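Novice: Modelling step: build the complete structure from the supplied sequences, incorporating the hints.
Each chain, written out:
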Amino acid sequence: MIQRNSGRKADELRPMSAKVGVVPNADGSAMFSFGDTVAIAAVYGPRQLHPQHMQDPSTGILRVNYDLLSFSVYDRKKPGPSRRSQEISKVTQWALEPVLDLKEFPNTVIDVQIYILQADAGTRTAGINAASLALAHAGIPMKNLVCSVALGKLDQDIVADLDKSEEDFEGGEGPTDFPIAKIGTGNDFSLLQLDGKIQPERVKEIISLADVTCKQIYEVQKKALKEAFQ
Amino acid sequence: MSSMAISNQTIESFKKMFSEGKRFDGRSLTDSRELKIEYNVSNKAEGSARVKLGKTEVVAGIKLQVGAPYPDSPNKGNLMVSGDLLPIASPRVEMGPPQFTAIEIPRLVDRAIRESSMIHLDKLVITPGEKVWTVIIDIYPINDDGNLIDAATIAATAALHNAKLPALDENGKIDYHAPSTGKLPLREGIAPITVSFFKLGNSIIIDPTREEEEACDVRVSWGVSIWNGKHVINSCQKSGAEIFSASELEHMMKILPNKFNELSEKLKSYL
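Which chain is which? The protein sequence lines are X and E, in order. Count along the first sequence from 1, then add 3; that gives the number in the numbering used here. Count along the second sequence from 1, then add 1; that gives the number in the numbering used here.
Hints were generated in silico from the structure; no laboratory data involved. Fair warning: this is a prediction, and the values are worked out from it, not measured in the lab. Yeah, the Cβ is synthetic: ideal placement off N, Cα and C, and Gly gets one too. Treat the hints with caution; some may be incorrect.
[To be verified] Listed next, with one range per pair, are the computed distances between beta-carbon atoms:
id : chain 1 : residue 1 : chain 2 : residue 2 : range
1  : X       : 208       : E       : 88        : 41 to 49 Å
2  : X       : 226       : E       : 129       : 48 to 56 Å
3  : E       : 32        : X       : 54        : 37 to 45 Å
4  : E       : 74        : X       : 72        : 23 to 31 Å
5  : X       : 83        : E       : 178       : 37 to 45 Å
6  : E       : 188       : X       : 142       : 34 to 42 Å
7  : E       : 13        : X       : 54        : 46 to 54 Å
Specialist: Below is the structure:
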């Protein structure tokens, strides 16, 4: 087993924290962090969708915008959307949509804004956890929370919640980054992305690690929501 | 009429047929369409290929440029994958700002190629720390009859195998009229392929036609190659607002190596 820089065990997540109601203007908002990765999310809506020609009388739509703030990384990130942020916005939307019943809100849009304040890998998964909390905080009917974490593989070892130094690991089969999201603590995956090198037969180890880690994330999210409504 | 959205009735008939394991063209749910590859789409490109998967057609071209290395990899060449969904390929595509699919295809091909380590980027250095080759793969669908991403990855892999390094003149500029200095340095035996699974209701299919693809709720694409004699997944992306269950994932992992072998054999007959 590879010695992790942080001294963590293979299946150990970084310390998590979550807080609901961090943007008073929004209909719902939340912060979620994995170690040094900090994401905030705000929800506006359901509200009328403009331009009007985009309105759909059969359903509401979910619109997600994810981005890194310019100072969240060592080399300043040029403000504005990139291909990367557009892709992450889209996969985040797809990760969240299965828990919403958008048909209940015809002609409207639910806007989800996700920004990364501090990045140390796993930003999209922290963003999804924050967004899921913000949607719940906004009182939007949800079938469940969405729990997300970046799993992966360092050389031969399956690990949870890679930090940046691990993402840049060189040696053996190198790093594999395998971000996933699950619907609550069930068996359904709403986000699947990957880059690296992992044998197909080892995907079942990822599936069981997802099970263990998402349960912990779910508890942190639940606690944050209860605190907000006390 | 071809530009109209797919009707609920068509979706329902697909759902019923798939649940019985049947398709309109007689294929089984996991059969691929016939794969054909041609080279030399453009003699101005350093390498190029045309891939046909049934009626789906995608062209890929390789251009090489001399440039500076990235600061974090001073002794490696660069790889860039780009492309666009052109209105020539389908009545669905309109002129204007790129649709998300136009961004997604090059990004998925980029990850499948890059993470497979197929290109010997460390052999693409001209002057260490200063000048390196940038490999640019451009991908354009010519006819979209579904499953563009799988066709696009094969087109990129084939075009890379077909690519040659241009000669440099005494000033370090590319001399297109001088004979090539050799093939693009690739690692032996690595030819990445993407296998995408599409889900409608409870059925999972491979290599859909455009109509089947439009009926489906969600897709997941797996970039696969061989590393140290074993199958490895290099990239993956789920696209669409539906879920895949853990058991569906396990089902796909069983099919994936065999599907890769089947497509790989066809691809290698053209390399």
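Novice: All hints, please: hold or fail.
Specialist: Okay, the hints, checked on the actual structure:
Take residue 208 (chain X) and residue 88 (chain E): their Cβ atoms lie about 45 Å apart, and the range 41 to 49 Å holds. Between residue 226 (chain X) and residue 129 (chain E) the beta carbons are some 53 Å apart, a value that agrees with the proposed interval 48 to 56 Å. Roughly 43 Å separates the CB atoms of residue 32 (chain E) and residue 54 (chain X), a value that falls within the hinted 37 to 45 Å. Remark: the range hint 23 to 31 Å for residue 74 (chain E) to residue 72 (chain X) is upheld by a beta-carbon distance near 26 Å.
Taking 37 to 45 Å as the suggested C-beta distance range, the pair residue 83 (chain X) and residue 178 (chain E) conforms, at roughly 41 Å. Range check, residue 188 (chain E) to residue 142 (chain X): about 54 Å between beta-carbon atoms, so the 34 to 42 Å window is missed. Distance hint for residue 13 (chain E) and residue 54 (chain X): a CB-CB separation of about 32 Å, inconsistent with the stated range 46 to 54 Å.
Checked against the numbered hints listed earlier, the structure breaks hints 6 and 7; every other hint is satisfied.
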